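Protein chains: 2
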Amino acid sequence: MSTKRDNISLSVIRRLPRYHRFLHDLMLSGVTRISSRELSERMGLTASQIRQDLNCFGGFGQQGYGYIVEQLYDEISRILGVGNNLPTILLGAGNLGHAIASHMVFEDRGFHLIGIFDRDPKLQGQEINGIPISSGDCLEEFCKQNKPVVAILCLPRDAVFDIAKRLVEWGVEGFWNFSHFDLSLHFPNIVVENVHLGDSLLTLSYRVSEHRRQE
Amino acid sequence: MSTKRDNISLSVIRRLPRYHRFLHDLMLSGVTRISSRELSERMGLTASQIRQDLNCFGGFGQQGYGYIVEQLYDEISRILGVGNNLPTILLGAGNLGHAIASHMVFEDRGFHLIGIFDRDPKLQGQEINGIPISSGDCLEEFCKQNKPVVAILCLPRDAVFDIAKRLVEWGVEGFWNFSHFDLSLHFPNIVVENVHLGDSLLTLSYRVSEHRRQE
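As given, the protein sequences belong to chains A and B, one line each in that order.
So that you can map any letter, position 207 of the first sequence is 207 in full-length UniProt numbering, and since no number is skipped, the others follow by simple counting.
So that you can map any letter, position 90 of the second sequence is 90 in full-length UniProt numbering, and since no number is skipped, the others follow by simple counting.
Note that these hints are calculated values from the structure, not bench results.
Since this is a predicted model, take the numbers as computed values, not measurements.
Ideal Cβ positions, reconstructed from N, Cα and C, are used throughout, including at glycine.
Take the hints with a grain of salt, since some may be wrong.
Said to hold, decoys possible - Output of the computed footprint for chain A on chain B, the stretches with three or more beta carbons under 8 Å from beta carbons of chain A: (1) 16 to 28; (2) 78 to 87; (3) 92 to 104; (4) 109 to 121; (5) 175 to 188; (6) 202 to 214.
As the list claims (entries may be wrong) - Residues from chain A that face chain B, not an exhaustive set, calculated with beta carbons under 10 Å: (7) His103; (8) Leu139; (9) Ser209.
Claimed, not checked - Per the computed footprint, the stretches of chain A lying under chain B, defined by three or more beta-carbons under 8 Å from a beta-carbon of chain B, are: (10) 14 to 20; (11) 90 to 99.
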């Protein structure tokens, strides 16, 4: 299948995981083939939006025949790098970090969690999903030996810059950043995917307040 | 200060929490006044973007004088509804729900957490930040008495639709949705702010893989 991947906008990329979820659901409910019109109705998008998005990655589907669900799912999985198993470490095993490490299935999404680090001696030695929590002192040695590509940052804001700087020196190429620190400003060549929970809450606050004001 | 709030795009709204954070940092470091050019350099935006964004909410700042940091911060806080204390409940006190309830400071962001619910009897009676975890059986009665406006959903996907439907009947107007279920498709008139962690991970997977491919 031909793939033309250059210059795909981030907004298209961000829609792909949602296609991936919907296609997975379709497979589970036994649907083997679907038209872009049907898919669009289920997803609340226009059919032309769907055709446009999927065309960015080469031609899926056929006029008048629709998409073969499993084939499209597999192709999107491949594009998203689901099988890549990127070696990944998590920094900060407090409430949030602990929840992320135990809640997420990394292996289904392209990652392989290989280390967890926290500076709190009380946490060190505990395990999350079979992975021991280590002291930050071991981090450099660990990175040299195991070459993590991605780091998940569940650290207090003030700690983020220094540790991110070192991780980049030691070869980390991407951050899943839960701290309220704008890493991209300081590391323009590193991939940063932010989950700014506080920003999301404030947006919700605005939208609910507006909703109530308009009633 | 005049406020013209209609037809503000969601992309502008989503940038406001970030302004809020940056202005807060400026206040902490003792900066009292800042030009749109300086602010733009710190935030990695263009000065005209900043002027445009802030103009959506009425005229802040003055040509050649800049913004008074505290005044702009207070105004953005007000716009975002930071003081609104919307009564809020959290459903699902597993790993993720527990972390959200203990990690987030809701009161600084427009919310007041008043109840936590989980169907697991082992969790019921435990407290998070002084709030007891209750059985779902109490939910209807609780909603009638305490009228929560917002619900945080940290539930398994399969449970979400039924419970959201009931919550809407009982007066909930907004969801902070951590489940991988597209609520907005089913409740178009309710405010939904999603935190799809799995989608974020898949996006990161794609971007890191592309980054490595291009090196």
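Structure-based check of each hint:
With 5 residues having a Cβ less than 8 Å from any Cβ of chain A, the segment 16 to 28 of chain B passes the three-residue criterion, so the hint holds. Only residues whose C-beta sits within less than 8 Å of a C-beta in chain A count toward coverage, and the segment 78 to 87 of chain B has 6 of them, enough to reach three; the restraint holds. Closer than 8 Å: that is the beta-carbon criterion, and the segment 92 to 104 of chain B has 9 residues meeting it against chain A, so the requirement of 3 holds. Residues of the segment 109 to 121 of chain B with a Cβ under 8 Å from some Cβ of chain A number 3, which satisfies the need for three, so the listed coverage holds.
Figure legend: the segment 175 to 188 of chain B, annotated as covered by chain A; annotation consistent (5 residues with Cβ-Cβ distances under 8 Å, at least 3 required). A count of 11 residues in the segment 202 to 214 of chain B with a Cβ less than 8 Å from any Cβ of chain A is obtained; the coverage claim is therefore met, three being the minimum. The beta carbon of His103 (chain A) comes within 5 Å of a beta carbon in chain B, closer than 10 Å, and the hint placing it at the interface holds. The closest approach between the C-beta of Leu139 (chain A) and any C-beta of chain B is roughly 20 Å, which is over the 10 Å cut-off, so the hint fails.
Nearest Cβ of chain B to the Cβ of Ser209 (chain A): about 4 Å, under the 10 Å cut. The hint holds. Requiring three or more residues with a Cβ within less than 8 Å of a Cβ of chain B, the coverage given for the segment 14 to 20 of chain A holds, as 5 such residues are present. Using a Cβ-Cβ cut-off of 8 Å, 5 residues of the segment 90 to 99 of chain A lie near chain B, which meets the minimum of three, so the contact claim holds.
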